[in-house]
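**Student:** Sequence:
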Amino acid sequence: MNGEERREKIAHILKEKQGKVRGSELARQMHVSRQIIVGDMALLKARGLPVVSTPRGYYLTEQGGKGYRKTLVCCHDRRHTAEELEMIISAGGMVHNVSVEHEVYGTLTAGLEIRNRGDIQAFIERMKTKNAPLLSSMSGGIHSHLVETKEKEDMDRVEESLRKAGFLYEDRQVNL
Numbered sequence: 001m002n003g004e005e006r007r008e009k010i011a012h013i014l015k016e017k018q019g020k021v022r023g024s025e026l027a028r029q030m031h032v033s034r035q036i037i038v039g040d041m042a043l044l045k046a047r048g049l050p051v052v053s054t055p056r057g058y059y060l061t062e063q064g065g066k067g068y069r070k071t072l073v074c075c076h077d078r079r080h081t082a083e084e085l086e087m088i089i090s091a092g093g094m095v096h097n098v099s100v101e102h103e104v105y106g107t108l109t110a111g112l113e114i115r116n117r118g119d120i121q122a123f124i125e126r127m128k129t130k131n132a133p134l135l136s137s138m139s140g141g142i143h144s145h146l147v148e149t150k151e152k153e154d155m156d157r158v159e160e161s162l163r164k165a166g167f168l169y170e171d172r173q174v175n176l
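Each step along the sequence shown adds one to the number in the UniProt record's numbering, with nothing skipped, and position 59 is 59.
One or more of the hints may lead you astray.
Said to hold, decoys possible - As a list, the in silico EDC-like pairs of lysine to aspartate or glutamate whose alpha-carbon atoms are at most 20 Å apart: (1) Lys-164 / Glu-101; (2) Lys-20 / Glu-125; (3) Lys-45 / Glu-5; (4) Lys-70 / Glu-170; (5) Lys-150 / Asp-77; (6) Lys-70 / Glu-25; (7) Lys-15 / Glu-25.
Claimed, not checked - Now the in silico label distances, taken between C-beta atoms and shown as ranges: (8) Leu-60 / Glu-4: 35 to 41 Å; (9) Asn-131 / Glu-160: 30 to 36 Å; (10) Asp-77 / Pro-55: 18 to 24 Å; (11) Glu-151 / Ile-124: 25 to 31 Å; (12) His-12 / Arg-78: 36 to 42 Å; (13) Glu-101 / Arg-69: 16 to 22 Å; (14) Met-138 / Lys-9: 16 to 22 Å; (15) Glu-8 / Gln-35: 17 to 23 Å; (16) Gly-140 / Pro-55: 35 to 41 Å; (17) Pro-133 / Ala-42: 23 to 29 Å; (18) Ala-42 / Arg-79: 33 to 39 Å.
Everything labelled a hint here was simulated from the structure, so no lab data went into it.
Each residue gets a CB set at the ideal place from its N, CA and C atoms; glycine is no exception.
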């Protein structure tokens, strides 16, 4: 199977699968390395396939979602990461990504795709086991999340929860 055939097969698997597909699983099925899969995903994204990459696998996002999306700027230290994510999820939100502003590189964004408490636990556990710093450690705790809710009222609840906790960055004292 050549590269083009492999990418067509990967696209078909992603379209048929409910949930995430691990890169290592795709590599095994295609009899190639994990790095080849990473390259294939980059090519599929460049061709317009709405591939989302997360630490727990790949999936296709729905085009033209029906949700309400907003970028929320937050500020907190590492201790409050799980609490912040829990507030967003509990109010009906989904966290697509995290972004920080870097003085040399500009905006740095990492996909999160956190939809539920299990995703939060997996993210926190992965950060601990890898001893990885948060992106926000480069920006004094200031970061933004692209958050999606089904209704505007849910987004209002997300913002109010973060505001009450002191996590929403609004040119005032935040919870550090």
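**Student:** Okay, Leu-60 versus Glu-4 on CB: inside 35 to 41 Å?
**Tutor:** Since Leu-60 and Glu-4 have Cβ atoms about 19 Å apart, the given range 35 to 41 Å is violated.
**Student:** Is the gap between the beta carbons of Met-138 and Lys-9 within 16 to 22 Å?
**Tutor:** violated (38 Å)
**Student:** Next pair to validate is Lys-70 with Glu-25; report whether the Cα-Cα distance is within 20 Å.
**Tutor:** violated (33 Å)
**Student:** Are Lys-45 and Glu-5 close enough, with their CA atoms no more than 20 Å apart?
**Tutor:** holds (16 Å)
**Student:** Would the hint linking Lys-70 and Glu-170 be met if the CA-CA limit is 20 Å?
**Tutor:** holds (15 Å)
**Student:** Is 36 to 42 Å respected by the C-beta to C-beta distance linking His-12 and Arg-78?
**Tutor:** Roughly 40 Å apart at Cβ, these two residues keep to the hinted range, so it holds.
**Student:** Is it true that Asp-77 and Pro-55 lie within 18 to 24 Å of each other by Cβ?
**Tutor:** holds (22 Å)
**Student:** Take a quick look at whether Lys-20 and Glu-125 sit within 20 Å of each other, Cα to Cα.
**Tutor:** Measuring from Cα to Cα gives roughly 18 Å; hence the hint holds.
**Student:** So the hint says 35 to 41 Å: do the beta-carbon atoms of Gly-140 and Pro-55 match that?
**Tutor:** Hint violated: Cβ distance 25 Å, outside 35 to 41 Å.
**Student:** Within 33 to 39 Å: is that where the Cβ-Cβ distance between Ala-42 and Arg-79 falls?
**Tutor:** holds (35 Å)
**Student:** Does the Cβ pair Asn-131, Glu-160 satisfy 30 to 36 Å?
**Tutor:** Since Asn-131 and Glu-160 have Cβ atoms about 34 Å apart, the given range 30 to 36 Å holds.
**Student:** Has the hinted range 17 to 23 Å been met by the Cβ atoms of Glu-8 and Gln-35?
**Tutor:** With a Cβ separation near 19 Å, Glu-8 and Gln-35 satisfy 17 to 23 Å, so the hint holds.
Taken one by one, the earlier hints fail for this structure at numbers 1, 5, 6, 8, 14 and 16, listed in ascending order.
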